[in-house]
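Visitor: For the record, the sequence lines run as chains A and B. For the first sequence, this note's numbering assigns the number 1 to the initial residue and increments by one for each residue that follows. For the second sequence, this note's numbering assigns the number 1 to the initial residue and increments by one for each residue that follows.
Keep in mind the hints are simulated off the structure, nothing from the lab. Where is the CB? At the ideal position from N, CA and C, for every residue including glycine. Please note that a few of the clues may not be correct.
Just a few of them, taken from the derived set where beta-carbon distance is under 8 Å, the chain A residues facing chain B [unchecked claim]:
no.: 1; residue: Q16
no.: 2; residue: S219
no.: 3; residue: P221
no.: 4; residue: V222
With beta-carbon atoms standing in for the labels, derived distance ranges [as the list claims (entries may be wrong)]:
no.: 5; chain 1: B; residue 1: D113; chain 2: A; residue 2: L24; range: 27 to 37 Å
no.: 6; chain 1: B; residue 1: F19; chain 2: A; residue 2: V360; range: 43 to 53 Å
no.: 7; chain 1: B; residue 1: P110; chain 2: A; residue 2: L356; range: 41 to 51 Å
no.: 8; chain 1: B; residue 1: D113; chain 2: A; residue 2: H255; range: 52 to 62 Å
no.: 9; chain 1: A; residue 1: R22; chain 2: B; residue 2: N41; range: 33 to 43 Å
no.: 10; chain 1: B; residue 1: L134; chain 2: A; residue 2: P319; range: 54 to 64 Å
no.: 11; chain 1: A; residue 1: R22; chain 2: B; residue 2: E131; range: 20 to 30 Å
no.: 12; chain 1: B; residue 1: D309; chain 2: A; residue 2: L24; range: 51 to 61 Å
Stretches of chain B that chain A covers, calculated by requiring three or more beta carbons in the stretch to come under 8 Å of a beta carbon on chain A [to be verified]:
no.: 13; stretch: 78–87
no.: 14; stretch: 93–104
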Amino acid sequence: MNVRRLYALAFKETLQVWRDPRSLAIALLMPLMQMGMLGYGVSLDIKHVPLCVFDQEHSQASRSIVDSFVSSGWFLISRTLDRQPDLRNVMDRGDCNAAIIIPANFSRTLAATGTASIQAVFDATDVNTTNIAMGYAQGAIAQANAELDAQWAASHGVLPYLVNQVDLEPSTWFNETLDSRNFIIPGVVAVILALVGAQLTSLTISREWERGTMEQLISTPVTALEVMLGKLIPYFVVGLIDAGFCLAAAVFWFHVPFRGNVVTLFVTSLLFLIVVLGIGYLISVHIRSQLGASQIALLVTMLPTTLLSGYTFPIDQMPAPIQALSLAVYPRYYVSILRAIFLKGSNLADLWIPLLGLSVYAIVIIWLAARAFHKRLD
Amino acid sequence: MNLPPVIFAQGLTKRFHSFIAVDHLNLTINKGEVIGFIGPNGAGKSTTIRMLCSLLRPSEGQAFVAGFDVARQPEAVRAHIGYMSQKFSLYGDLTVRENLRFFGGIYHVPRRDMAERMAFAISMAGLQRREDTLVRTLAGGWKQRLALGCAILHRPPVLFLDEPTSGVEPEARRHFWDLIHELAEGGVTTLVSTHYMDEAEYCNRIALIDRGKLIALASPRELRSLELGGELYEISCTPLGSALKILSEAPGVVEAAIFGDKLHVVLGSGGLGAADLPHFLGEQGVHADSAHPVMPSLEDVFVQLVSSDREARVIA
Numbered sequence: 001m002n003v004r005r006l007y008a009l010a011f012k013e014t015l016q017v018w019r020d021p022r023s024l025a026i027a028l029l030m031p032l033m034q035m036g037m038l039g040y041g042v043s044l045d046i047k048h049v050p051l052c053v054f055d056q057e058h059s060q061a062s063r064s065i066v067d068s069f070v071s072s073g074w075f076l077i078s079r080t081l082d083r084q085p086d087l088r089n090v091m092d093r094g095d096c097n098a099a100i101i102i103p104a105n106f107s108r109t110l111a112a113t114g115t116a117s118i119q120a121v122f123d124a125t126d127v128n129t130t131n132i133a134m135g136y137a138q139g140a141i142a143q144a145n146a147e148l149d150a151q152w153a154a155s156h157g158v159l160p161y162l163v164n165q166v167d168l169e170p171s172t173w174f175n176e177t178l179d180s181r182n183f184i185i186p187g188v189v190a191v192i193l194a195l196v197g198a199q200l201t202s203l204t205i206s207r208e209w210e211r212g213t214m215e216q217l218i219s220t221p222v223t224a225l226e227v228m229l230g231k232l233i234p235y236f237v238v239g240l241i242d243a244g245f246c247l248a249a250a251v252f253w254f255h256v257p258f259r260g261n262v263v264t265l266f267v268t269s270l271l272f273l274i275v276v277l278g279i280g281y282l283i284s285v286h287i288r289s290q291l292g293a294s295q296i297a298l299l300v301t302m303l304p305t306t307l308l309s310g311y312t313f314p315i316d317q318m319p320a321p322i323q324a325l326s327l328a329v330y331p332r333y334y335v336s337i338l339r340a341i342f343l344k345g346s347n348l349a350d351l352w353i354p355l356l357g358l359s360v361y362a363i364v365i366i367w368l369a370a371r372a373f374h375k376r377l378d
Numbered sequence: 001m002n003l004p005p006v007i008f009a010q011g012l013t014k015r016f017h018s019f020i021a022v023d024h025l026n027l028t029i030n031k032g033e034v035i036g037f038i039g040p041n042g043a044g045k046s047t048t049i050r051m052l053c054s055l056l057r058p059s060e061g062q063a064f065v066a067g068f069d070v071a072r073q074p075e076a077v078r079a080h081i082g083y084m085s086q087k088f089s090l091y092g093d094l095t096v097r098e099n100l101r102f103f104g105g106i107y108h109v110p111r112r113d114m115a116e117r118m119a120f121a122i123s124m125a126g127l128q129r130r131e132d133t134l135v136r137t138l139a140g141g142w143k144q145r146l147a148l149g150c151a152i153l154h155r156p157p158v159l160f161l162d163e164p165t166s167g168v169e170p171e172a173r174r175h176f177w178d179l180i181h182e183l184a185e186g187g188v189t190t191l192v193s194t195h196y197m198d199e200a201e202y203c204n205r206i207a208l209i210d211r212g213k214l215i216a217l218a219s220p221r222e223l224r225s226l227e228l229g230g231e232l233y234e235i236s237c238t239p240l241g242s243a244l245k246i247l248s249e250a251p252g253v254v255e256a257a258i259f260g261d262k263l264h265v266v267l268g269s270g271g272l273g274a275a276d277l278p279h280f281l282g283e284q285g286v287h288a289d290s291a292h293p294v295m296p297s298l299e300d301v302f303v304q305l306v307s308s309d310r311e312a313r314v315i316a
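Chain A with its partners taken away, still in its complex shape (with noise of 0.2 Å):
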């Protein structure tokens, strides 16, 4: 090894990068692109279903129905019907994704059984978006039955508690305001270093290959090991540059809670980095043009990254086999790394399983990059 051949490597490297228009895009407008996107336009959270009411009665204890699905915050009222006919083409023209459908004897019933029921239908094409809606619309009747209550307590002259025997009081720890996005952020990060950290080194070597540069490199006494080094140092810093980028959008863009430290961010990302930029290092060696390493490093990046990462997809609902599948994935260590020291404050101990196995993986790509690259041409 020798620094000052690993210096004019990776000077000459990070020349090339700043003069390269393609390598700066992907260097730095992809994780820019990829953070409005994904941080904008993936969210699990539904707010606002569009609620049509067909209120046969037009009672006191109907309105108060109405009403605590309108102050759940879930659900806003976007037609109200006088025929129940008229539902099915509100539906099909989507202007409604929930209904609710109060009988004409409601306040009757319920005042001489001492129990009503309601109809909710519901638009159920999206099956996680009718889930969450079903759901919040439980809420909303659990709330309109505690209110009940206290008005038959109250007229009654019974204590309500005698009636509410148990209450559940729920609380979200990590994510208190349920936001998706919390959730959701730290792991985009993850997903765009992971993509764009192997695009940029898998031109690395593939770009002296094209360019007819690699024979005269190879020509002179200068290590395989010192290449990948003299290579990969450069990028570590663009790899650097675009962590801080994007962990400083989540925090001050996208005002998810960092609860954790900065040493703790900073050692697992580098680790991460290595991990990613030995990928698209390893590609670049096997493949000798740039645009067949560049959709090679994609294609092995960005299937397992979205959908095995566990960053939407929760990995812990996938069946056995596709969950073993997804130790492989390595950015899954990484997104639970960052969830966790953003919302819970988790410190290197607490992680140390991701950590093992995001260590295990580096140690082994940076082995296998290490013996990849052979100064011959056969």
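For this one, chain A is given, so just place chain B on it according to the hints.
Guide: Frame of chain A, contents of chain B only:
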């Protein structure tokens, strides 16, 4: 003076699957020689040079460069050679100065010598005041001279130049060869491949290679006198076609070939003399001027050597 050869190859062979690119090549090249590596495209010139630079592994045989085994000591070989590959191989997106600095770093040129070596390379390439130009914008001749400048930054004792002048205008080629001779005077041993026959004249010795085999290794003068098998004469005659036919079968004629609008005839001993030619042709209805001796071009020699070698191989 009994110095060991700077480049020594014995039975050097390279096979790509069933294709034999280089076939049991023997070479002995001494310090300070400029060797021209000549042969048709695909003859195995580049493959041989790449083996000598440790870029390709020999399939068989041995080679030593600057005393190091190309198969077993590749890094030692690389530290002692300068190499210019066939394809232009500097970084086009770097400036003249940045390329030189890069190769200086890669070859580990001592820092205190860098300024002087870079200045030398720049003046050698004639690139003064263009130090900060991007290399891809330079004209061909400048690029080649800069590539040579980069290849010799570390003062290697051995230089391998693979078709360094291809695609370069004649004046720039001439200039390039002057540089090679200056280096040779300083004791640098150089192996240059070229497909320009006229460039063979600039070499101390010529290694002629065809279909992977070394056909000849000799100085231009030796090649001319020995290999033709006689004296070369030029003669104007009409009609040219019949003259060629008659002379090809005439006693004492080793070889006859059309050369422009004239005939080139190689006369051996014990047959027709040069003075007899006009009369001999006249008898058979061909008008001919008197024949006069000419210096054979190296091209004549190569054509002769390659064709006789191929015939020999067919017979063998």
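Visitor: Are there hints from earlier that the structure breaks, and if so, what are their numbers?
Guide: Going through the list in order, the structure violates no hint and respects every one.
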